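Participant: Each protein sequence line maps, in turn, to chains A and B.
Each residue of the first sequence is one higher than the last, beginning at 1 in this note's numbering.
Each residue of the second sequence is one higher than the last, beginning at 1 in this note's numbering.
No lab work stands behind these hints, which were simulated from the structure alone.
Small disclaimer: the values here were computed from a predicted structure and weren't measured.
Be aware that one or more of the hints could be misleading.
Because identical chains cannot be distinguished in the list, a pair is counted as satisfied if it fits within a single copy or across any two copies.
[Stated by the list, open to error] Here are the simulated DSS-like pairs of lysine-lysine, each with C-alpha atoms no more than 30 Å apart in a straight line:
id: 1; residue 1: Lys107; residue 2: Lys30
id: 2; residue 1: Lys529; residue 2: Lys204
id: 3; residue 1: Lys68; residue 2: Lys314
id: 4; residue 1: Lys486; residue 2: Lys17
2 protein chains.
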Amino acid sequence: MKIALAQINYHIGNFGKNFKKISDAIKKAKAGNADLIVFSELAVSGYPPRDFLEFEDFIDRCDATIEKIAAECVGIAAIVGSPAKNPEFKGKDLFNTAFFLEDGKVKSKNYKTLLPNYDIFDEYRYFEPNNEFNLVEFKGKKLAITICEDLWNVGDDLLYRINPMDELFKLNPDIMINIAASPFDYDQAEKRKSVLLQNVKKYKLPLIYVNHVGAQTELLFDGGSMVFNSKGLITTEMKYFEEDFLIIDIKDVEETFVVNKKEKPSKISLIHDGLVMGVKNYFEKLGFKKAILGLSGGIDSAVTLVIAVEALGKENVRSILLPSRFSSDHSIRDARDLAENLGSPYDIIPIEEAFKSFTGILEPFFQGLPFNVTEENIQARARGVILMALSNKFGYILLNTSNKSEAAVGYGTLYGDMNGGLSVIGDVYKTEVFELARYINRDREIIPLNTITKPPSAELRPDQKDSDSLPDYDILDTILYQYIEKRQGPNELIEMGFDEKIVHRILKLVNMNEYKRYQTPPMLRVSPKAFGMGRRMPIVAKYLA
Amino acid sequence: MKIALAQINYHIGNFGKNFKKISDAIKKAKAGNADLIVFSELAVSGYPPRDFLEFEDFIDRCDATIEKIAAECVGIAAIVGSPAKNPEFKGKDLFNTAFFLEDGKVKSKNYKTLLPNYDIFDEYRYFEPNNEFNLVEFKGKKLAITICEDLWNVGDDLLYRINPMDELFKLNPDIMINIAASPFDYDQAEKRKSVLLQNVKKYKLPLIYVNHVGAQTELLFDGGSMVFNSKGLITTEMKYFEEDFLIIDIKDVEETFVVNKKEKPSKISLIHDGLVMGVKNYFEKLGFKKAILGLSGGIDSAVTLVIAVEALGKENVRSILLPSRFSSDHSIRDARDLAENLGSPYDIIPIEEAFKSFTGILEPFFQGLPFNVTEENIQARARGVILMALSNKFGYILLNTSNKSEAAVGYGTLYGDMNGGLSVIGDVYKTEVFELARYINRDREIIPLNTITKPPSAELRPDQKDSDSLPDYDILDTILYQYIEKRQGPNELIEMGFDEKIVHRILKLVNMNEYKRYQTPPMLRVSPKAFGMGRRMPIVAKYLA
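With the hints as constraints, model all of the structure from the sequences given.
Facilitator: Here is the structure:
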C-alpha cells in the first residue's frame, strides 16, 4: 500500500487556501499512484481555531470544505482532520475528527479521545472526548487512526485514565496512523520521537505520523512528520520548519532494517529556525511585507533584526536608531555597523526634542522631583511613539525586541520598548540571546563583536548597566528557568543553592509584573513554557509577591 | 441544625488574609451556636488561582491552611473549598475539593465532578473530574455536597454526560449544599436562581448555596448566596457585591411557606454596582489607593471617572484634561464641570507642544504626506505618555476609559487611549455607557447633560464624529452583541435584517482588530461574553477578515 504524507502550512480560517493546498496534494498523490494520502489534525480549519469553533457558521464552512475534498477523493482515499458536530444531545457540541474520505464521500469518522488542556492547549473547551473505538478497513488493511494526544498517555505520569490505542489494539489493526498538530519547542522533536517510539514498541505496528508545519501567531509547528516500521526504526523523517510531501510504500517501510541516523540539531539552531519561520509566517498570513524596529546597538535588537532580515529580506526591514542624551557613541556605531553589514535600510532619529518637550510640559507638575524611572520611561515611550508613527504612516509592522528575562522581571517600559505587533525573542532568555548572536556569527561577523561583548545596558540614565538592578544573567536566567519552565518554588530554589534574598526578589518581580506581560505582544514560542496563552496567571494575587 | 453561610471576598494566593477571614467567620458562627459553617469554592486559595495550581509550593500552602482551619473546627464543623492532591497515579494531579472539617481534622473530601472549561473557565486544565459519590453524615443528617458546576448540567443543552447530583440522590441525602465561585454578569443572578431551582424541584431537598463575592482582576463575583427550602422557596438571599454572614436554622427554612420577593434590580444598576466593586477591589488587592485618568469631556471618561470616584473616593482620583488643537471648547468645559461636580482634583495639560515636537521630528521622513490616522494616533499617544509619566512619578494606576464598542472594532489607539492598568468600561457597549450616564444622573446632574447629548467624537481631526467612520451605535452595538455574545454568523445577521455590507464590514473589523485587543488592559467583566480570558481568538486568521 502506497501512502502519501502531506505536511502542510495551513492558515486558520482560510478555507479557500487550505482547500487549495489539500487539493493540490491529492493531485500529486494520485500522480504518484498513492492509495491513501494523510493530512494533519484540523487541517481544514488550521490549528488552533480557538473560539471560532463556537461559531456554527465556522463549522458549516469546515463541513462544506470536507465535502469538497471528499469529491476529489476518487481513485484515492484521504485522512483529513476537521471538527465534526456531535450528533448526541449530551456532551460538548463538537468532536476533533479524522475524516476518512473515499469514493467521493465521507466513509467514516474517528474522534479524538485524549483532549490536551494544558499549556497552550484548550481542546476540552470545544470538544467532547471520543468513547467508541473502531478501525478503518482499507484495501485489506485495518488502520488504527488516532489524533495527536491520543498516543501521548505514556511514561510515568499518566494524565488520562484511558488509552485509546489500547482499545484499538484489541481490534487487531495492521497500521497505526496518527494525525497531529504538535507545536514546536526546542525539546519537542526529541520528546515526540520518544513518545511515538514507545507506542511502536508497545504495539509492534508501523506508524505513520503527519504533523502540522508553519506558524499560527505565536505557535510554531515544526513538521518533522515521520514513519516508523514495526521494529521501531524511523524510516522517513520529513523536513522541519518547511512544507513537505512524500509517498512511502508500507512494504518498503517494513523491509527496512538500517537507517542513517540524522545528526541532532543544536537547541540554538532550532530556536533560530523556528523564529525565522515565525516572523515569516506572521507577515505572510497577515498580508504584510515590511517590518520596522528600534535598533539600539544592544544585543536584543541586533538578534531581532538579523532574524527579521532572514525572514523578510534585507530590504523589507527598516531599522530606526533613536539615540537619547544617554546613548553612548558605541551604541550608535554598533547599530549602524550591523545595519550596514546586512545591507538593510536604517535611519537615525534622535529623541531629545520629544524628551525635552515632555519634561517641559510636566515640569510644573513634577516640581523639582528627582530624575527617576519616570524619565527613563519617557524616553522609551517617546521612541515608541516615533516607531508607531512610522509604522502607521508606511504600513510597517513594529517588531518588539524584548527578551524573556526582561519580560519575566518587568525590565521594560509598557507602551515604550514593550510595543510591537510581534515579539520575536520574547521567549528567549538573555543568555540564549547571546548564544543566538554567536550562532548568527558562526561563519562571519554579522553582529558587531562589541554588541556581544559589552555589558548590557538600557542607556536610560548616565552609566546605567542591567547589572545595577538585576543579578548576573547566568544566575537570573537559571532561577527564571527553574521557576517558569520547571515550576520550582522558593524552597526548592534555595535548596538548589541560590541565595535566599535573590530568589525571593526574583520570584516577587516575576509575579508582580504579570500586569505588564498581560499587555505585551504575542511572543514566538520556542520553550516548553512561554509567556502568553501557555502560562495563565492572575494579576491581582499575593502569592510570592 | 444551624448552618452559617460565610460569603467572603478572598484574595488569590493571600493565604494569611484568607485564613484570617475564614477563622473570624468560624468564631462568629460558634458564637451564634451554628453546628456547621459553609465557605465557598476554593476559598483557601481564592478563585481562580489559575496556573499557580501547577506549583507544588502553592498546593502545599493550601494544605497547610486547611490544617490550620481544621484546628479551629472544634465544637463546629466547616465545609471549605481548596485544591486537594490526586492520590492516584492516573489522571490530573489535583481535585477541586470541598473539605469537611470536624473535631479538629479533615473528616472527608468531596471532589468536583463537572469541570467548567468554557468562557473564562479553565478547570479541566488543572483538575481531574470526580468519579466516586458519597454523602457526608453529620448530626443525623446526610449532606449531599457538590461544587458549583456540579448542579449546572440541567436544561436542554447538556454539556456533560453525567449528573453528579443524580448519583448522590441515590444515596438518600437530606440536604444539598453547593459551594460556588460563580462569576457575575448582568444575567447571571437570574440564571443562577433558575438553575438552582431546577435542582430543588427535581430532588425536592433544601439547598444551601454559598458563593464567592469580590473582584479578582477582571472577574467580578457578586455573592448572592441563597437558601432554598425543599418546596422551592428562596428563604434567604444574601447581599450582592458585598461580604455577608448569616446563620440559618434548617428547621425554620423548611417551615417557611411565604417569602417576600425582592424587586429585581435593573441590568444597568447591576453593571454599575459590579464596576464599582471591580475598581475598588483591584486597587485594594494590589495595595494602591490612587487613580489617574484622561478626562476628555466625552461620555466614556465621564462615566469611568464617576465609577472610580465611587470606588476610591473623590480625593483619590485625579483627572487630567489633555486638550489638543482639535479639542472643542465644550469638551474642556464639560470635563471641568464634571470634575467640579464631583469635587475631584483635575489638571489641564495641553498636548500641543508634544504633538508639534513629534511632527517636527518626523517631518523629514513623512515628506509632505497628508495628515491621516498617523497624526491622530500621535495625539492619543502623547496623551498616553503624559498620563503614564504622572502615574509613574506619583504611583497612580491609570484607568482606561475605552468602551466595548470601540474595543470591538478597533476604534482606539494602541499605546495611546488604550493604555491603562484596568479597563473600567471595556465590557460595556457605547449604548450601555449612555444608560450608565443616565443612571448616574438619576437623582441630580452629576455628568453634564451636554456630555450625554452631544454626538460622540474622538476630536483627533477637525469636526470629527464617530459616525463618520462607524454606523450609528444602536445598529453597531446590536450587530456586535449578536456576533460577540450570541455567536451569530454573517448569514444569521443578514437574515435578521441588517445591511449586508455593514455586517461584513463590522465582522471584519472585529476579527482584524484581535491584535489590538491582545494588548489591552484587563476589562471588568459584566457581560456573558467579555473580551479577554473569556474570548480566545487567533490573531493570524482569515475567517471573516
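Participant: Now tell me if each hint is right for this structure.
Facilitator: Results for each hint:
1. Lys107 - Lys30: Close inside one copy (19 Å), not across copies (66 Å); limit 30 Å.
2. Lys529 - Lys204: Result: close neither inside a copy nor across copies, 33 Å intra and 48 Å inter.
3. Lys68 - Lys314: neither (40 Å within a copy, 63 Å between copies)
4. Lys486 - Lys17: This pair counts as between: shortest inter-copy Cα distance 28 Å, intra-copy 39 Å.
Violated hints, listed in ascending order, are 2, 3; each of the other numbered hints is respected by the structure.
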